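Model the full assembly from the supplied sequences, consistent with the hints where possible.
Number of protein chains: 2
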Amino acid sequence: MAGSKEQFPDVKGGGSLILAWQIKNKHVLVVGGGEVAAGRILNVLDADALVTVICPYSGLNPEVRHRVEQKQVQHIDRLFEPVDLEALPHPSGDAERTGPPDMVLVAIDDPDASSQIWKLCKKLRIAANIADVPPECDFYFGSVHRDGPLQIMVSTNGKGPRLAASIRKFIAASLPQDVGNAIERIGRLRMKLREIAPETSEGPKRMKWMSKVSDKLTWNEMCDLTDEDMDNILKYYNGGKVPEVDVIKGMRGGKAPEDLDVFDGSFGFSIGL
Amino acid sequence: MAGSKEQFPDVKGGGSLILAWQIKNKHVLVVGGGEVAAGRILNVLDADALVTVICPYSGLNPEVRHRVEQKQVQHIDRLFEPVDLEALPHPSGDAERTGPPDMVLVAIDDPDASSQIWKLCKKLRIAANIADVPPECDFYFGSVHRDGPLQIMVSTNGKGPRLAASIRKFIAASLPQDVGNAIERIGRLRMKLREIAPETSEGPKRMKWMSKVSDKLTWNEMCDLTDEDMDNILKYYNGGKVPEVDVIKGMRGGKAPEDLDVFDGSFGFSIGL
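Chains as they are written, first to last, in this note's numbering: chain A, 24 to 296; chain B, 24 to 296.
The set of hints was computed from the structure by calculation and includes no laboratory data. Just so you know, these numbers come straight off a predicted model, no measurement behind them. Built from N, CA and C at the ideal position, the CB exists for glycine as well. One or more of the hints may lead you astray.
[As the list claims (entries may be wrong)] Keeping only pairs whose Cα atoms sit at most 30 Å apart, straight-line, the calculated BS3-like set for lysine-lysine is:
(1) K49/A <-> K145/B
(2) K49/A <-> K146/B
(3) K35/A <-> K145/A
(4) K192/B <-> K35/A
(5) K146/A <-> K142/B
(6) K47/A <-> K49/B
(7) K146/A <-> K146/B
(8) K192/A <-> K94/B
(9) K47/B <-> K142/B
(10) K192/B <-> K264/A
(11) K231/A <-> K192/B
(12) K264/A <-> K278/A
(13) K258/A <-> K235/A
(14) K231/A <-> K215/A
(15) K35/A <-> K49/B
[To be verified] A short list of chain A residues far from chain B (calculated; beta carbon distances all over 12 Å):
(16) R88
(17) A110
(18) P112
(19) D117
(20) D161
(21) T179
(22) R208
(23) E218
(24) E225
(25) S234
(26) D254
(27) G273
(28) K278
(29) P280
Right, here's the structure in full:
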C-alpha cells in the first residue's frame, strides 16, 4: 500500500486546536472582577502569567480582592479605557515595558463594551476571550485536571460543558494514584540525563532511552525512584540498556550492580555480556 | 470562614494555560513539508483552518504531497521568504485577504532560519511554534484523544512526552464506550432546546435544565436518544423537570406520557402533580 492515498489519515474537521499556551512572565489583562474573572485570574496565575486587573474596587469579588491585596495581580481601580490596550503599565513596574498586553480576557456584564474591546484587540492582533460570547473568542477555556506537572484538558467543543466536567472527574478518578508524582520523577531523571549527556547530537539516543525507561517502569515504580536510584539507572545509559527494577533496588546504599551490563566510568568501557 | 483568606485556592504555578484555539477559517502558515509538518498540517486541518504550506516540492513528504494534490492546503513551491509574513496570498484566492497569517508553524531543519522566522512573528504579533525549540514557541502541542466532539489533551509540561502518550491511551481505553456519540446527542438536544426557548433571558434556565438532563442520563442512555425522544424530553422543559428514561421510552410512537408532569401547549399550563 506504500504510496497509496489510503495510508494517510482523513481530515476529520470540526475540532478545536488544543494547545498548551506558554504565558509564563507574559502580561495578561483581565477586564472585570467578578466570579468569572476570578476563575480566569487563577487559570493564568497557575501558568505563571503577570496579571493586570482593570475593574473598579467596588466591583471586585472577595477572591479577586484577595489576589489584589496579596499583590498577586496589578490592579487598576477604574473602568477599562481603550488606551489601556496600547499603553498598559507593566505589572513589573518597568516603565519601558508599558505597552499592549499579550492576552486579554474580558468578563464584564456589558455586551457593547465587551464587543468594543474585542474589536480593538483584533485591530492590535492581541489574543482575546470575551466570556460567554463564543464568536468573540480566539480561544475557549476547558475543564482541566491538574496533578503536579500533569494537565488534562477536556473539551466537548461546546456540545456539553457539564459533560466535560463530568468526564474530567471520571478521568481524575481513573488515573493511577500519584501519577503526577511519577511524571515529576521521570522529569527529574530526564534532567539528570541531560546533565550527563548534554550534546545536541545525543538527542535521539536520549529520547530513545527515556522511552525505554518510561515503558519499563510501572507508575508506582516511577514514584518510588530515589535520587540514588536515578544515578544508578543512568549508569546504564551509555550501554543503551534499562536495568530491571530489582537490580536498581539492589544497588541502593552504594552496592555494586548484580547485572554487569553497565557502563562505569572507572572501567572506561561498556561491559557487554 | 466566609471572608477568610483560606477559602480561596492557592496559586500553584508551573502549568501551561491549556486552551481550545479557534482556527476555523483562520489562515495558518506551515513552513516545511517533512514528517513534523505533516502532523501539524493534520492538526490544524482537523480544526478547520485554511492552510498554506511553504516548502520546495522536492522537500514534501508523501503525506504532505497528498494534501497538496488533494487541494487540502495551498502550496508555495519554494523556500520561505520574510515577505511571506506580511503579504501571504490567502488560500481562498481572495486578493483582498492577502496579508499576515493568523498563526505560523515552523518545522524545518534550519535553526538559523527558524529563529529568524520566530523573531519576525514576534515583531508582527503572530502566534508561532518553532518545532523542537521550546523557547521559540508561544504554545506547545500535546497528545490529544479525539472522539467526535470530545477532545482530551494530555500535557506533562515537557516532563515526559512518552508518558503523556501513554496516559492518553490509558484514558481512551477507560472512557465509557461511545462517549463521543453521547456528547453529540446531548449537543443536539441543546440545539433543539435553543430553538424552542431562544430568548437570551432563558439562558440560566436552559443551562440548569441541561445540567439536570446530563446528570440524570447514563452515557448509554444518551447514546440511545432518538430525535423523537428529544422532542418528548423537551416537553418537560417548561415545567423544569426531566422525566425518567422509562417514561421517555414509553412515549415512543406518539404515545401519551404516563407521567403527567408535562407542559403541553394544548393545555396552556403545566399540570403539576
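Results of checking the hints against the structure:
1. Simply put, K49/A and K145/B have alpha-carbon atoms about 13 Å apart, close enough for the 30 Å limit, and the pair holds.
2. Taking the CA atoms of K49/A and K146/B, the gap is about 15 Å. The hint holds against a cut of 30 Å.
3. With a C-alpha separation of about 28 Å, the suggested pairing of K35/A with K145/A holds against the 30 Å cut-off.
4. At roughly 19 Å between alpha-carbon atoms, K192/B and K35/A fall within 30 Å of each other, so this suggested pair holds.
5. Pair hint K146/A plus K142/B holds up; C-alpha atoms about 21 Å apart against a cutoff of 30 Å.
6. Proposed proximity of K47/A and K49/B is supported: the alpha carbons are some 26 Å apart, at most 30 Å.
7. Between K146/A and K146/B the alpha-carbon distance is near 15 Å, which keeps this suggested pair within the 30 Å criterion.
8. Taken as a hint, the K192/A and K94/B pair is broken in the structure, with Cα atoms around 41 Å apart against an allowance of 30 Å.
9. This hinted pair checks out: K47/B and K142/B have alpha carbons roughly 26 Å apart, not beyond 30 Å.
10. Of the pairs offered as hints, the one joining K192/B and K264/A holds, with about 25 Å between alpha carbons and a cut-off of 30 Å not exceeded.
11. Distance check on the hinted pair: K231/A and K192/B sit about 19 Å apart at the alpha-carbon level, within 30 Å; holds.
12. In summary, the hint linking K264/A to K278/A is supported, as the alpha carbons are separated by about 19 Å, within the 30 Å threshold.
13. Distance check on the hinted pair: K258/A and K235/A sit about 14 Å apart at the alpha-carbon level, within 30 Å; holds.
14. For the given pair, K231/A sits about 15 Å from K215/A by alpha-carbon distance, which is consistent with the 30 Å threshold.
15. Distance restraint check for K35/A and K49/B: the Cα-Cα separation of roughly 17 Å lies within the 30 Å cut-off, and the hinted pair is therefore satisfied.
16. For R88/A, the non-interface assignment is contradicted: its Cβ lies about 10 Å from the closest Cβ of chain B, within the 12 Å cut-off.
17. Consistency note on A110/A: stated as away from chain B, and its beta-carbon is indeed over 12 Å from all of that chain's, at 16 Å minimum.
18. Non-interface status of P112/A relative to chain B is upheld: no Cβ of that chain comes within 12 Å, the nearest being about 19 Å off.
19. Taking the minimum C-beta to C-beta distance to chain B, about 18 Å, the non-interface status of D117/A holds against the 12 Å cut.
20. At the 12 Å boundary, the C-beta of D161/A falls inside the reach of chain B, the nearest C-beta of that chain being 6 Å off.
21. Not every beta carbon of chain B lies more than 12 Å from that of T179/A, the smallest distance being close to 5 Å; the non-interface claim is violated.
22. Non-interface call for R208/A relative to chain B: violated, since the shortest CB-CB distance, roughly 9 Å, does not exceed 12 Å.
23. Remark: the non-interface label on E218/A is consistent with the geometry, its nearest Cβ contact in chain B lying 16 Å away (cut-off 12 Å).
24. Listed as outside the interface, E225/A is consistent with that label: its C-beta sits roughly 14 Å from the nearest C-beta of chain B, beyond the 12 Å cut-off.
25. The beta carbon of S234/A is not kept farther than 12 Å from every beta carbon of chain B, the shortest such distance being approximately 5 Å.
26. For D254/A, the non-interface assignment is confirmed: its Cβ lies about 19 Å from the closest Cβ of chain B, beyond the 12 Å cut-off.
27. Distance check on G273/A: its Cβ is at least 25 Å (rounded) from any Cβ of chain B, clearing the 12 Å threshold; non-interface status holds.
28. No beta-carbon of chain B comes within 12 Å of the beta-carbon of K278/A; the shortest separation is about 28 Å.
29. Consistency note on P280/A: stated as away from chain B, and its beta-carbon is indeed over 12 Å from all of that chain's, at 24 Å minimum.
Hints 8, 16, 20, 21, 22 and 25 from the earlier list are contradicted by this structure; the remaining hints agree with it.
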